[in-house]
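Using the hints, position chains Z, G and P against chain W.
Chains as they are written, first to last, in this note's numbering: chain W, 1 to 427; chain Z, 1 to 427; chain G, 1 to 427; chain P, 1 to 427.
If you're looking for bench data, these hints aren't it; they were derived computationally from the structure.
One thing to keep in mind: the hints can contain errors.
Which copy is meant is left open, so a pair is good if it fits within one copy or across any two.
Said to hold, decoys possible - Computed list of lysine-lysine pairs in DSS-like fashion (alpha-carbon distance at most 30 Å, straight line):
1) Lys149 with Lys420
2) Lys115 with Lys409
3) Lys42 with Lys111
4) Lys115 with Lys416
5) Lys136 with Lys409
6) Lys420 with Lys136
7) Lys409 with Lys149
8) Lys136 with Lys416
9) Lys273 with Lys149
10) Lys409 with Lys33
11) Lys115 with Lys164
12) Lys242 with Lys274
13) Lys14 with Lys242
14) Lys242 with Lys33
Protein chains: 4
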Amino acid sequence: MRITKEQITSSNEKRLKQHQSRWHVLKEQLEEKGADTNEMIKQLRLFQIAIPSWALGTGGTRFGRFPIGGAPRNLEEKMMDIGLLHSLNSSSGAISLHIPWDIPDNIPNIKSLAKELDLRFDAVNSNTFQDQPNQKYSYRYGSLSHTDKNVRNQAIAHNLEVVKYGVALGTNVLSVWLSDGAIFPGQHNIREALQRTSDSLQQIYKGMPDDFEMLVEYKPFEPAFYATVIPDWGTSLLLVNKLGDRAKTLVDLGHHLPNANIEQVVATLLSEKKLGGFHFNDSKYADDDLTTGSIKPYQLFLIFHELVEGLRAQNLPMQHLSWMIDASHNIKDPLEDLLQSVEAIKLSFAQALLVSENRLHDAQLQNDPALAQEILQDAFRTDVRPLVAEARLQEGGVLEPIGCYREFKVRGELIKERGKNAVATGL
Amino acid sequence: MRITKEQITSSNEKRLKQHQSRWHVLKEQLEEKGADTNEMIKQLRLFQIAIPSWALGTGGTRFGRFPIGGAPRNLEEKMMDIGLLHSLNSSSGAISLHIPWDIPDNIPNIKSLAKELDLRFDAVNSNTFQDQPNQKYSYRYGSLSHTDKNVRNQAIAHNLEVVKYGVALGTNVLSVWLSDGAIFPGQHNIREALQRTSDSLQQIYKGMPDDFEMLVEYKPFEPAFYATVIPDWGTSLLLVNKLGDRAKTLVDLGHHLPNANIEQVVATLLSEKKLGGFHFNDSKYADDDLTTGSIKPYQLFLIFHELVEGLRAQNLPMQHLSWMIDASHNIKDPLEDLLQSVEAIKLSFAQALLVSENRLHDAQLQNDPALAQEILQDAFRTDVRPLVAEARLQEGGVLEPIGCYREFKVRGELIKERGKNAVATGL
Amino acid sequence: MRITKEQITSSNEKRLKQHQSRWHVLKEQLEEKGADTNEMIKQLRLFQIAIPSWALGTGGTRFGRFPIGGAPRNLEEKMMDIGLLHSLNSSSGAISLHIPWDIPDNIPNIKSLAKELDLRFDAVNSNTFQDQPNQKYSYRYGSLSHTDKNVRNQAIAHNLEVVKYGVALGTNVLSVWLSDGAIFPGQHNIREALQRTSDSLQQIYKGMPDDFEMLVEYKPFEPAFYATVIPDWGTSLLLVNKLGDRAKTLVDLGHHLPNANIEQVVATLLSEKKLGGFHFNDSKYADDDLTTGSIKPYQLFLIFHELVEGLRAQNLPMQHLSWMIDASHNIKDPLEDLLQSVEAIKLSFAQALLVSENRLHDAQLQNDPALAQEILQDAFRTDVRPLVAEARLQEGGVLEPIGCYREFKVRGELIKERGKNAVATGL
Amino acid sequence: MRITKEQITSSNEKRLKQHQSRWHVLKEQLEEKGADTNEMIKQLRLFQIAIPSWALGTGGTRFGRFPIGGAPRNLEEKMMDIGLLHSLNSSSGAISLHIPWDIPDNIPNIKSLAKELDLRFDAVNSNTFQDQPNQKYSYRYGSLSHTDKNVRNQAIAHNLEVVKYGVALGTNVLSVWLSDGAIFPGQHNIREALQRTSDSLQQIYKGMPDDFEMLVEYKPFEPAFYATVIPDWGTSLLLVNKLGDRAKTLVDLGHHLPNANIEQVVATLLSEKKLGGFHFNDSKYADDDLTTGSIKPYQLFLIFHELVEGLRAQNLPMQHLSWMIDASHNIKDPLEDLLQSVEAIKLSFAQALLVSENRLHDAQLQNDPALAQEILQDAFRTDVRPLVAEARLQEGGVLEPIGCYREFKVRGELIKERGKNAVATGL
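With the rest of the complex left out, here is chain W (with noise of 0.2 Å):
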């Protein structure tokens, strides 16, 4: 199924007339204070967010599973299924591939699609935490820092093969995320796990093409439950530091202990230049993979305005990093969660924009709490959703892309198309 131009014209025109009132409203408004809504729209319409491959489907915990149907059946649907998310709400232009849930057959196909659905390959991602069929060495007991140098090989060519399909895709960005770690006190030797974990990373980063970068992803726990081998951001700075300049950490927002500060994580490894990208997510928990925005939204604006000044401050794109949502969708039809998920980012984000950083740095100077608080509550508690509309608009995708998603029925469509028990690969 593809949205057509006529059915997103044809909804944009209902909305129009109010749509238009709002922006124009809240243009004024944001004027008036000295905001440059051009800069702002124009920095919303760049602002893209990788879709992970395998959050198409159901997602699900231990305890069970229930699919809605419909669930994209390869990677051309799945591609399919990001190009109607980015043709509603023109954000999601990229897709982010996990290996070997994803392997390209016929790599020039998958490009030619990807070309005529507007999308970009974001980063690879390789997987270690789950045996295939016919492999030879289990990761039962870890990969890149099992005892056995034979399964560390295996995991690291695996590495480098996900590599591989990244250059032929076009990207230059290897995700790697481990579930290695004891599970027990004493399953293994913690600093002899991180040494082997540090060697085998540079095993991979040395195979790496010289344009590769490489993010390495923390994780407390789970499915480790005692000891992760990169159980947090201090870790991985001190691996990718061992590794070199394009080895960077990402931060994904539900690999956190309680009450983690994560902005300040966010903040720290900008400054240290090792901020490589995002995993976005909401949680209450623990690793929730909820929808992004939908239990701490002032967490991801303060976290946004770290990335703002922060890369603002180095003279650095948001593009420098990778974007990324890694949510799992277990009772939400999945494209409409990551909808939600993509607009409160650009909420966020809008919001970030919106802080008025020289008064902000003035406050702080003049250590004036209760200003710094107003400053940022400010930006916060304005109501941009017609701004990120209106670059929407421009970027030409639909004024409510939710409203149009139930609109167009997509998920009936989808389901007609591939059946009520169709079942995509990813957790």
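Okay, now just chains Z, G and P, sitting in the frame of chain W:
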């Protein structure tokens, strides 16, 4: 595979001398302090912890699963596995079934096998967190709390069917764990969902035989990641108080928010006469379902201290409650894991029996926290392994369960019998 | 220092045009959706949040304290400060006293000052977490839960004395927060401590006038670091259920374990008709006592959504509960901090009033979590500042409380009047 | 007050027979497994844990304080108290000073008293979390991270003055703990605050003598409740790496987010050669500063296991690090509390010495987590009290420190000498 009396006897003979020497020293040491070691041994021998039928195969997380081979392929084989454990540790003389994973086809055969293996049937467990093939209504959006009366009725009927199996097998306890809840804010009306849950439980309660007990479990999250219908002991207590005398709360050690004081929950429920049962496991981060005692053995001791002291204050035996292990064996041999859990539980129980309650009470009345700590830690620091081993010996088990399990090459035998790829139903 | 009508009028005049233009746009937008903006304004005007007498000076931690000057030196000056806040925001028309920090020497004078400042007396608070000079028995090891009957009786008598002050001042609510609890395992018998607490509360309850209400607060830790006597809402509910109809639970936002779902606690207590009052603040880590809305504004909105929906379902007005701020102002000017808290509370209340309960309920009945989220977030994303400002304007306050506070140079005036080193009683 | 050799001898005589019998049994048991008990005793005798000068009086929380009497009124009396502890446990032969709380007026006298009491001076600690009378600039908004260069310079100068006292007293370690940080989002620029902190530390580092070491502590919150300048080990490591070889990280057990794996932090820092020191305490909820080993003794053992194994792998003695207790004694007699902490630390150290590292390493290489757990828990479950007592006896201490402390009526004597209302400087 069965372990013979001869195997047990000969394995014990090798270790007897060393055991007797250590037990002698400990006995003397305890009796010097006025402890009644015979009574302790009696209590330890009586204390049986049920094994759940779903914990005999390799567990897993949403990220994958690494089976070990030799898993029991049906209820009979599960019972055989528990029989193996029980013949080693003399403390696993009960099985807790999960319906529909373990529907007993031929009740008389199952009962006779249980008798042969010296196993009792403990609480039966219902399952409304997964959809079964051919199920009319889906539990995607809940079961006992569902907005649709048809779904609730189906879930109520299922629970009453589980009760029937319980009656047939000779147990009189139903355990109810609900995965019902909202994954996102707004998904359900919290108040109404609780009310519907209460009404559904009421119908199950009314449908149970007069001597049947209902245990209501609580859990703060997973798989519902925003608002579980029964998130904490307070909500469970509220519900069981509305149900009646035969409804009680079940405590699972892994079902608490970070830093929760579980022993206090236990003490409070006991004092309200509403503690009905226990699911043992251990965890560092969330509901990790690790081997009992592998992470926080002192907490386990403090919990047993409350159990021993609280039941004694009401003149109730330990058997007044339902005791069960509820862990997931992702990486260890499930049977070894269970042996370790049972051992840790018995050690904690033994240490709790050592606490001089009179001296402790005096220290409490004199507000002497340093002395109170000395008394508790004196018990905890005592090496009670010979005491537990002696109780096991007297009850007919082996002195060293894990050691013998390996000597007898049990897993190898099971793989020979059942194959490398045998899969057990369960999580 | 007092703020004159003229100051208010002239400060509003400067801002009126801009306000009216924004309010006009918002009003139209809300009314398009069928909202009754007059009713909303009425409710916002009625909603008053009490200021605790101990929150007007600089707070601190065990590590130190950095006073700002101009702190109120006695009850009259505290009331004057609240009067200042109320004249600015028209929403702080109540004071909550803490005995013995604020014993009113001359009741008629105090009452007449309150009347003059348009202040009501809200809940009175007892203090058994500190020893007062000349106190016969120490609360070192507890108060209402103490093992020694003499200490308990002293604490009971103190609470009844606090009630007397309440009666004299015209309030009918007693708030009880206990710091009682064990700092170490074994320090007290958990069950007996709870029983003694229950008995002591019973005696206070019996000693109160027939129209007096008792609010029982809970807190998981600090200053007791192992087992607080009333650690959670479940224990508080258990106690108030034993006391009677006029005993209810008080929720302090900072008194929960990490990741707790506070809005669910609120909903459950409301449905049991046992929610009695609220202490507002915000926190990232523990009982941080930060400005309300400074860390988790979406959580605050979700809580207000439960409050609005839950009270409406029982046909109860917001005034049915006791509302109070309970924060510690370690670094901001306390009065600015309070103005920010009250503003955040009113914005959340206003957003909750915007939720279309019928549409939400429909989405819930249809199990449409994506739509439910859209409805909640539509309310939350709306910029309701003009609505709250309009309500404040109609009630006689200023359009921009913090702005005016600074324009009027209030702190400077207070320092002039009271000195740089004035110290207020309180935490 | 001093404890005489005669008191020690006679107290030991009473207990000697029982001790020898138990020690004999344990010794045999350990040696059967191939343990070198003489080496263990040697290591235990050498291991000394510094007592901080501020921990000898009653601690408190922001809610109050309940002094016990007999507190040391000056540095000499503090040293006398530590001397008392050391004469009992033979393991507290070091003192850690806090400036300006404990400025030594007469250095030669202080040094001679130390010599007499067999005390060494361990790390000196600076204090920039409180304002001192007559201080020119306030630390209200930070010290080493302050936006104002004058404040930073004052704090730098203070640290260098602390170093001077250290030099004079014969120590060569400076501990830096900063309470600097933002209490509210936006209060400071996270990146710039970190940079200023780094610059200030650089200046202190440069100003220290060439043999001086700097330990940089981290803490996630309290008193800064939003973003502490050095929140975690990763930030501390980042800073000390920039400083140089003589800058290292200090781990305080209470300074972590919920569920953190502290033993992993220890292992990682050790492997980076950047672990410099340790602050011992215990906690259930936050930085509770409880008696070491009172809440999570197994975690303490796992930490010591990493310490023993990690230092051994680098051929470093335990004395390579600075060991200190950092607890707050709110309710227990501070000296008893310290005796209990030291005992718990030594027991954990002894248990860690028992771990058969070779067998454990084999189990790890064979990926046998069940066996690894058996090996660790075998050590932990062993009752090593006779081993620790024997080491204490050989070193000249008493067999039962707490027992003797009470027999000798130390607190009563101290109250007689110093009065009921004596107050010690400190938290």
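Outcome of the hint check:
1. Taking the shortest alpha-carbon separations for Lys149 and Lys420, only the inter-copy value of 25 Å comes in at or below 30 Å, while the best intra-copy value is 44 Å.
2. When the C-alpha separation of Lys115 and Lys409 is checked against a cutoff of 30 Å, the pair qualifies only within one copy, where the shortest distance is 25 Å, while the shortest distance between copies is 59 Å.
3. In this homomeric assembly, Lys42 and Lys111 come within 30 Å of each other (Cα to Cα) only inside a single copy, at 27 Å, whereas the closest approach across copies is 60 Å.
4. Proximity of Lys115 to Lys416 under the C-alpha cut-off of 30 Å is restricted to the intra-copy arrangement: shortest distance 26 Å within a copy versus 54 Å between copies.
5. In the homo-oligomer, the alpha carbons of Lys136 and Lys409 lie at most 30 Å apart only across protomers (26 Å), although the nearest pairing inside one protomer, at 45 Å, exceeds that limit.
6. Taking the closest pair of Cα atoms, Lys420 and Lys136 come within 30 Å of each other only across two copies (16 Å); inside a single copy the shortest separation is 35 Å, beyond that limit.
7. Taking identical chains as interchangeable, the C-alpha atoms of Lys409 and Lys149 lie at most 30 Å apart only when they sit on different chains, with a minimum of 28 Å there against 52 Å within one chain.
8. In the homo-oligomer, the alpha carbons of Lys136 and Lys416 lie at most 30 Å apart only across protomers (22 Å), although the nearest pairing inside one protomer, at 40 Å, exceeds that limit.
9. In the homo-oligomer, the alpha carbons of Lys273 and Lys149 lie at most 30 Å apart only across protomers (26 Å), although the nearest pairing inside one protomer, at 32 Å, exceeds that limit.
10. Taking the shortest Cα distances, Lys409 and Lys33 sit within 30 Å of each other only across copies (24 Å), while inside one copy they are farther apart (41 Å).
11. Taking the shortest Cα distances, Lys115 and Lys164 sit within 30 Å of each other inside one copy (20 Å), while across copies they are farther apart (61 Å).
12. When the C-alpha separation of Lys242 and Lys274 is checked against a cutoff of 30 Å, the pair qualifies both within a copy, at 12 Å, and between copies, at 16 Å.
13. For the identical chains of this complex, Lys14 and Lys242 are neighbours neither inside a copy (56 Å) nor across copies (53 Å), given an alpha-carbon limit of 30 Å.
14. When the C-alpha separation of Lys242 and Lys33 is checked against a cutoff of 30 Å, the pair qualifies neither within a copy, at 46 Å, nor between copies, at 41 Å.
The structure fails hints 13, 14 (numbered hints given earlier, in ascending order).
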